[in-house]
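Visitor: In order, the protein sequence lines correspond to chains X and Y. So the first sequence is numbered by my numbering: it starts at 1 and just counts up by one. So the second sequence is numbered by my numbering: it starts at 1 and just counts up by one.
Because the hints were derived from the structure by calculation, they are not lab data. Hints may contain errors.
[Unchecked claim] With the C-beta cut set under 8 Å, the calculated list includes, among others, these residues of chain X facing chain Y: (1) Leu-44; (2) Val-273; (3) Pro-308.
[Unchecked claim] Label-pair ranges, simulated between beta-carbon atoms: (4) X:Glu-164 <-> Y:Glu-66: 37 to 47 Å; (5) Y:Arg-195 <-> X:Ser-137: 37 to 47 Å; (6) X:Asp-293 <-> Y:Asn-91: 51 to 61 Å.
[Stated by the list, open to error] With a Cα cut of at most 35 Å, we get these calculated DSBU-like pairs of lysine-lysine: (7) Y:Lys-289 <-> X:Lys-106; (8) X:Lys-8 <-> X:Lys-106; (9) Y:Lys-106 <-> X:Lys-289; (10) X:Lys-8 <-> X:Lys-289.
This structure is a prediction, so every number in the text was calculated from the model and none was measured. We put the beta carbon where it would ideally sit given N, CA and C, even for glycine.
Protein chains: 2
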Amino acid sequence: MLMFETIKEAQRRICSFVHRTPVITSRSFNERVGREVFFKCENLQRAGAFKIRGATNKILALSEDERGRGVVAFSSGNHAQAVALAARDANTRAVIAMPTDAPQTKVIATRGYGAEVRFYDRQRDDRELFARNIAESESLTLVPPYDDYLVMAGQGTCALELLEDVPDLDSIVTPCGGGGLFAGASTAAKAINERIRLFAVEAEGADDTLQSLRRGERVCIPPPATIADGMRNQAPGALTFPVLQRNAEDVLLISDDEIIETMRFILFRMKLVVEPTGATAAAAVLFGKLPGDVRRIGVVLSGGNVDPSALAAIASS
Amino acid sequence: MLMFETIKEAQRRICSFVHRTPVITSRSFNERVGREVFFKCENLQRAGAFKIRGATNKILALSEDERGRGVVAFSSGNHAQAVALAARDANTRAVIAMPTDAPQTKVIATRGYGAEVRFYDRQRDDRELFARNIAESESLTLVPPYDDYLVMAGQGTCALELLEDVPDLDSIVTPCGGGGLFAGASTAAKAINERIRLFAVEAEGADDTLQSLRRGERVCIPPPATIADGMRNQAPGALTFPVLQRNAEDVLLISDDEIIETMRFILFRMKLVVEPTGATAAAAVLFGKLPGDVRRIGVVLSGGNVDPSALAAIASS
């Protein structure tokens with residue numbers, strides 16, 4: 001079970017390796033939604049997303065022996081760069097498994113942090129198995145993207161910081177891919193204030209968590225088509241799902257168009273770059289998906305890594 | 001003369017009307033320049049730029065009688081929206097003089113804050129005279145864009161905050177258009193730490209301040225061609241110039257290409273939208289224009305208002 005003490009321990013462990021990101025308010029956003037919203041800017045985090053929190057916590061908690069051998073991760077997204085950077089900080093070897101068709105910019109960025117990239121075939125290989133084989137044959141520790149208590153605890157530190165800065169929130173909204181961020185953040189928040197209300201956000205068509213909660217068990221959906229590329233997982237995690245069941249008041253769904261409009265609002269009114277997944281929690285507030293009696297809302301802007309061409313398209317849309 | 005006490009008074013006066021903007025660091029920026037840089041994010045300020053500080057200070061300092069009549073300003077840029085918003089906050093009428101060819105988005109934004117827009121002909125009219133005529137005939141108070149001690153004092157509050165957050169800076173770098181921001185910020189900084197070093201930044205071709213400092217008197221240059229639209233003034237102010245003479249160790253010049261590359265770095269690595277003028281101080285650091293013994297640098301990102309099409313062009317350049 002994910003314990004509050006593990007999250008507090010994570011905060012002590014990682015605090016000199018990650019940014020304490022600012023909490024930002026926007027009167028124009030507040031005026032538009034008629035509520036008070038506090039944005040936790042994980043898009044301004046190192047490597048551009050909250051993922052560095054969990055990766056750093058996991059890697060710093062390794063035994064000296066494990067750290068001497070190194071780590072492996074599979075990801076074509078923010079987790080790849082987070083593990084690469086956290087490993088470099090810890091002076092540890094990192095191998096990242098990426099699909100052969102991963103964007104060249106992400107391969108370069110990951111290598112730029114000193115990691116070794118190994119390619120798997122998206123059609124032929126099971127990426128998790130591919131990474132586990134590397135882990136086994138080279139005695140590396142796998143750093144899972146979400147389904148690991150140390151990773152979840154690391155992600156949860158962003159809610160600790162948010163509630164230190166704004167103690168009287170009545171609710172927190174986070175994006176929900178595999179559920180690591182929500183699991184960590186909700187566990188931290190409930191321990192601090194048991195009456196706080198927690199909402200997870202998924203993209204339409206990527207509603208594996210919502211379906212799973214309704215069914216009462218983990219559901220695996222077909223590969224989702226959404227611009228929120230951090231939400232393309234097909235099922236919640238085995239360890240994150242029970243936390244979601246316990247802590248999520250609701251799962252809110254938003255469309256690609258709502259994501260894009262929210263990204264534009266955040267870009268031009270709030271002057272922040274967020275990636276599609278990173279905009280989903282804000283989109284849920286902007287498009288009125290929350291209950292009416294929620295008034296002081298913490299929103300996690302979870303990441304800001306977006307390709308130049310994609311950003312140009314959104315800016316001119 | 002601009003007094004430190006006037007700036008401290010401004011801080012007390014405006015603090016509940018403006019954002020205390022965050023100070024952000026970027027390890028990738030620091031690694032690239034080999035120094036420690038602290039970014040004061042006035043692009044995250046209300047109305048998207050530091051200008052709201054000076055406008056608010058000026059308007060809140062009006063007598064009850066003056067405030068009952070209203071204010072007027074001339075600007076096609078950030079000062080227009082700042083005065084409009086500050087006037088709305090103070091429940092005061094605002095008239096903004098804009099050129100007939102002002103971008104429609106700026107006209108709409110200014111009206112959106114409740115101000116009345118009056119158009120002048122850029123070829124035929126002197127904009128300052130145009131605004132002074134309105135002020136006289138309608139008994140309004142002119143809110144100058146920079147050449148006013150209350151406006152300068154307001155702008156200076158951003159350096160007060162920066163030095164509260166990071167007391168041991170050895171230098172501060174600010175953009176320099178008319179000189180209001182530099183005058184306020186440098187006066188505040190020198191009062192707190194007389195050994196702090198202050199640098200103003202101008203765009204190549206918009207070097208009216210540098211030329212004036214070399215000549216020892218205010219020089220008027222032809223209308224500058226630069227993408228830094230906040231630097232298209234042709235001479236430093238009568239009141240700002242003596243402060244520049246006293247406090248500026250140097251004026252650093254940067255090119256449009258350097259501005260664009262800096263905007264891209266800030267956009268994609270730091271996830272912040274800055275406008276061309278807002279990126280100039282960071283550009284001076286990124287392109288090595290400062291002396292080598294300057295190590296802990298405060299940089300003001302002065303604004304973030306950029307048109308969607310311009311941002312799209314920069315993102316895809």
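Visitor: Evaluate each hint against the coordinates.
Guide: How the hints compare with the structure:
1. Leu-44: The hint holds - Leu-44 of chain X has a Cβ within 8 Å of chain Y, the shortest such distance being about 6 Å.
2. Val-273: Hint holds; Val-273 of chain X Cβ to chain Y Cβ min 4 Å, cut 8 Å.
3. Pro-308: Holds - the Cβ of Pro-308 of chain X comes within 8 Å of chain Y, reaching about 5 Å at its closest.
4. X:Glu-164 <-> Y:Glu-66: 37 to 47 Å: About 43 Å separates the Cβ atoms of Glu-164 of chain X and Glu-66 of chain Y, which means 37 to 47 Å holds.
5. Y:Arg-195 <-> X:Ser-137: 37 to 47 Å: 59 Å, violated
6. X:Asp-293 <-> Y:Asn-91: 51 to 61 Å: 31 Å, violated
7. Y:Lys-289 <-> X:Lys-106: Since the Cα atoms of Lys-289 of chain Y and Lys-106 of chain X sit roughly 31 Å apart, the hinted pair holds (cutoff 35 Å).
8. X:Lys-8 <-> X:Lys-106: 32 Å, holds
9. Y:Lys-106 <-> X:Lys-289: Holds, at about 31 Å.
10. X:Lys-8 <-> X:Lys-289: The given pair, whose Cα atoms are some 31 Å apart, holds under the 35 Å limit.
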